[in-house]
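Start from the sequences and build out the full structure, keeping to the hints where you can.
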Amino acid sequence: MITSRIRSTRAPTYPPKVRSLLPWVGSALSFVFGQSNFLALCQVQYGPVFQLLAGGRNIIVVTSLDSLTSVTFADHRALSSRAQHHSHVSALCSDSSLHPQIYDTIAHKIFPVLDRRLSKRGLEDITPPFARLVFDKLKLFPGRSHVSLRRSLIEPLFAGANGVLFGSRFPQDTYEDFFTLLDSLPKRLCKRPFWSLPSSRARDRLLRRISDYLEGANPAVDDNVAASFTALFREHNIPIKVAARSVLMIMSSLHQNTVNIVFWLFAWLLADSSAFSAVRDEIDKAVREEFGSFQTFIAEASLEKLDSPAFALLNSAILETMRLATVQSGMREATCDLVIKDGERTIPIRKGDYVLLDPRGTHLDKNLYP
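The opening residue of the sequence shown carries number 1 in UniProt numbering; numbering runs sequentially from there.
Some hints could be false.
[As the list claims (entries may be wrong)] Below are the DSSO-like pairs computed for lysine-lysine, each with C-alpha atoms no more than 27 Å apart in a straight line:
| hint | residue 1 | residue 2 |
| --- | --- | --- |
| 1 | K187 | K241 |
| 2 | K305 | K120 |
| 3 | K137 | K241 |
| 4 | K120 | K137 |
Hint data in this document are derived by calculation from the structure and do not stem from the laboratory.
What follows is the structure, given as structure tokens:
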């Protein structure tokens, strides 16, 4: 009776706290070993915003549209992603002591170059060569007796993206090593024990290949893309060890954003024969009417033509796949006490708290997406 009396007089907390019997450890085991299902169950039980304890850290999980928007547009000095970036550097590059140099190289040296290259005008320039590189890689698959769906979809995109961003001299035989390392990343980020030796060896081979690419730069021979990209490392006297790891971080960010989306787009279409036929018919008709032939489509690919209403069904399928396949978009650390809005409510965040953005709660809301 006394216990129930005390409980009834406690002020309710918001966000609600996920119950756990383990002090300090909290929900760490569920969070690390079954994160997606665990967060989904928590959302059903506690609502769109909740907090949990994991390894001594208080993590506030936001899934509602209002809270996601508030966190996304919060001052980056108050909700910092620097800890997350440090974890990625440690997981991918193994040498966390280089984090300050890698962070500075990516933020202040590489991003301005990529920003220009991936601007609307820059994308217009790289779309045709990207299409040609992807198509050339696709030609290699029909002659094989069998090939995985994932590889036949992702390897051409991997080669095309690397080619238009890093130049034709960038090593294109790095697919297996890169994705061996990428597939181990969730375990590395969650610091699971017994990391696989193959992924560590793959990382070492990747870094050697990237280092060779950077050290072999020759402005007199390299194409414009490779020359302009490798020049920034020479101009700023960036050590090869830092430069190679910075390029690997950029590759990770670039390809992680496309792998799952592309795979699930085709997997779901192949599982639904009527949807696949409808999208295929639309593409065939659009290519025939807009370009005349597939060869002309590859040669004259442009953002304007690809955004044509003639590809409306394909565009809808891509957006729907992005909605269903998107996972957490990052962890932020509070560097001071602050309050963020969640509709008509407010979420108090204390210095040292972590905020996890989980858009799946909104993406799977049947009221928004019936």
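The hints, checked one at a time:
1. K187 x K241: holds, 24 Å
2. K305 x K120: Roughly 14 Å separates the two Cα atoms, so the pair holds.
3. K137 x K241: Not satisfied, since the Cα-Cα distance of roughly 30 Å exceeds 27 Å.
4. K120 x K137: holds, 25 Å
This entry does not satisfy hint 3, going by the numbered hints stated previously; all others are met.
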